[in-house]
Structures are given as C-alpha cells and as structure tokens.
Amino acid sequence: MPADLADRLLDVRRIYHEPDIERFPRARQVLERFPDAERIQVLSHQAIPGLHGNAGAVEDWVRNKREVLVLGEKKSLSARRNERSSDWIAPSTANGCAMACSYCYVPRRKGFANPITVFANIEAVLGYLERHAGRQGVKPEPNQCDPVDWVYDIGENSDCSADALVSDNVRDLVDLYARLPHAKASFATKLVNRDLLGWDPRGGTRVRFSLMPEGPSRLVDVRTSRIADRIAAMDDFVEAGYEVHLNLSPVIVHETWLEEWAELLEQVADGTSARTRAQLAAEIIFLTHHEGLHEVNLGWHPRGEELLWRPDIQETKRSQSGQTNVRYRTGWKGRWVRQLTDLLAEKLPECRVRYAF
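For the sequence shown, the working numbering gives the first residue as -16, with consecutive numbering after it.
Since the hints were made in silico from the structure, they are not lab data. C-beta atoms are modelled at their ideal positions from N, C-alpha and C, and glycine is treated no differently. A portion of the hints provided could be inaccurate.
As the list claims (entries may be wrong) - Cβ pair distances, simulated, as ranges: (1) 114 <-> 177: 42 to 48 Å; (2) 67 <-> -3: 34 to 40 Å; (3) 164 <-> 26: 39 to 45 Å; (4) 106 <-> 183: 19 to 25 Å; (5) 45 <-> 212: 19 to 25 Å; (6) 15 <-> 125: 40 to 46 Å; (7) 42 <-> 124: 48 to 54 Å; (8) -3 <-> 274: 26 to 32 Å; (9) 123 <-> 21: 50 to 56 Å.
All chains, please: the whole structure from these sequences, using the hints.
Right, dumping it as structure tokens:
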C-alpha cells in the first residue's frame, strides 16, 4: 500500500471482529497488517456496542474512521438490479469508509460511526459473482450502463480505493473481472490510490472519478484526494487499462455554482489526453440530503451544512426505499440539470452523459 496515503488516512488501533473470524485467510491478512491493534470480539459487525448507535460517537467521527476497523462475514450474497449506474449492485466486500464526506448517505444507516468494515469471506463473494455473470451470458442490447458488458458496481457502500489500503479484496475483484467475459466491475472514488496502477484490469474495471468544484470540495470532501490530483490521475488509469468515467456528484447548488462547474470542466479538458477524453462518460447527480444526517453533521462539521442545508431551495421527497430525503425543489432542479448538461456539452464535448438527475 502507498505508505504516505495509508498513514494519512489510517492509524488502526482497534479491530472489532466477529467470532472465529481468523478461519478466513483474508481476515488473517488484515490482522497481520495491523499487528499492534487491540482486538475486540463482537457478535456482529452490524451492531457494535459503544460504536454503532452511540450518539456520543459523533464527536469522534473522524477519529473512529482513522483508528477503527471492523472484520466480519458477508452472510447474504445477492446481486441487486440497478439499471442506473450499473446493471447490478454486487454483494459488498466492504462498507464504511476512511474518508468523511459530509454528504455521504451511508453513516445515517450505521448509527453515528462509519469506519471501514472488511468482509473476510472474499472467496464466497468471488464465486457468487462468477456464477452470476455466467448465468447472464451475452448482453442482449446496449443500455446506459454499457453498450457491451453487464456492469457490476462493486463499491456501493464504500470507496474501493480506500478499501485497497486495508485488504486485497478489491484487487481480487479487479482480477476477476479482467478475465470474465461479458462483465465489467465499476466503482466511484474520491481517492487516488496509485497502487491500483500496478494491477492488470484489462479493460474489465471502470473507475468513476468523483468530481466537484475545488471550493465546495475543500469544505465537504473531508479526508479525500484533492480535485486536481483526481484529474491528474485520469490519464494514468486509462494507460493502466482501466476505463475511466466521471461521477459529477454531488452537484451542490449555491450562488456561484455554475461558474465553478465551468472552471472545473475546463480543468478536465485541459488536464487529460485526447485518448482519455474520447472514452469519457459521466453521470450527474444533484445533492440529496437528509434531516437526520444534517443533525449528525451539526455535531462534527457544522460549516459544511451551511452549503448542504438550504431550505430556501430544497424540499422533502420520499425515496424509493421509503426514506424522507431533502432535494432541490422540483422545477428549479430540472432547469439546473439542463444548465449543467449544456455546460458539459460546451466545455467537454467528447464526454457523453450516461444519466443526470
């Protein structure tokens, strides 16, 4: 692992683990990487006393991400239909994150703490995914996910670039999709982990670099790679055999947002090669917030909420999963989506839009 990157993000002092976790080789690997960490056995990775559901943990939000790891077994293996960013959401090999983006939806499900959880039964996940991809066969027709391959999102609840600092789960997945016909892995990332450039993806993994203007990013993309560094890495990942797309997300509306996005798109156009730009595609996702997450964030990062929590231009809306979220107001948001897609066509015409909402 890149020592400077790992040292900046992680100083693992406690590892919570399920009983008999060392029966998995991957668990033993993680424990060996952090030999000085205190080991604490828990019944389940999903409910850790003193960590999950502890409102007092908000004050230690970033410290927990830096100092705590969790080891567990992924017991339910299923691929869920998606049809937006990917055809399928793969069963997780990790959840949580060492980074601390203040708009992230995952923490509100975890209960005040969201460090990396590594699922140690990677062999079971790999076997399931290979069988699942085999059953799909040839993709019958192109769609917005991909014109040729079935696309599997392997990082729905984590950032795979950060996960790769802790275990070899992500490398195993990249190796799997390098050899699977008709299937491709995909993950969004806000971290430049150059270890991944030494792997051999053979076009079987799509890396979606998440971008937003530098100013808002400095405020809400806590503990992530700088936007300029993400842009600078794009050519290198294409040269290494990855497909590179853009995850323009979240789009945060404020008084000068469109001018800032124009500058960002010019940076991408000027900072990437013709080869990289020719294969680019983007997904555009405007901010979705949540009152519960807003209250959590006020406990550890209130300045970010000045940008994220804008009742004057937001409204509540019930999501497909039944949760009540906060989104930009209907009518206004549609106009803003069109403005940004028009801007993308002007500043970065090679980049097609896979979807925008």
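Practice task
List, from low to high, the hint numbers that the structure doesn't satisfy.
Solution key: 1
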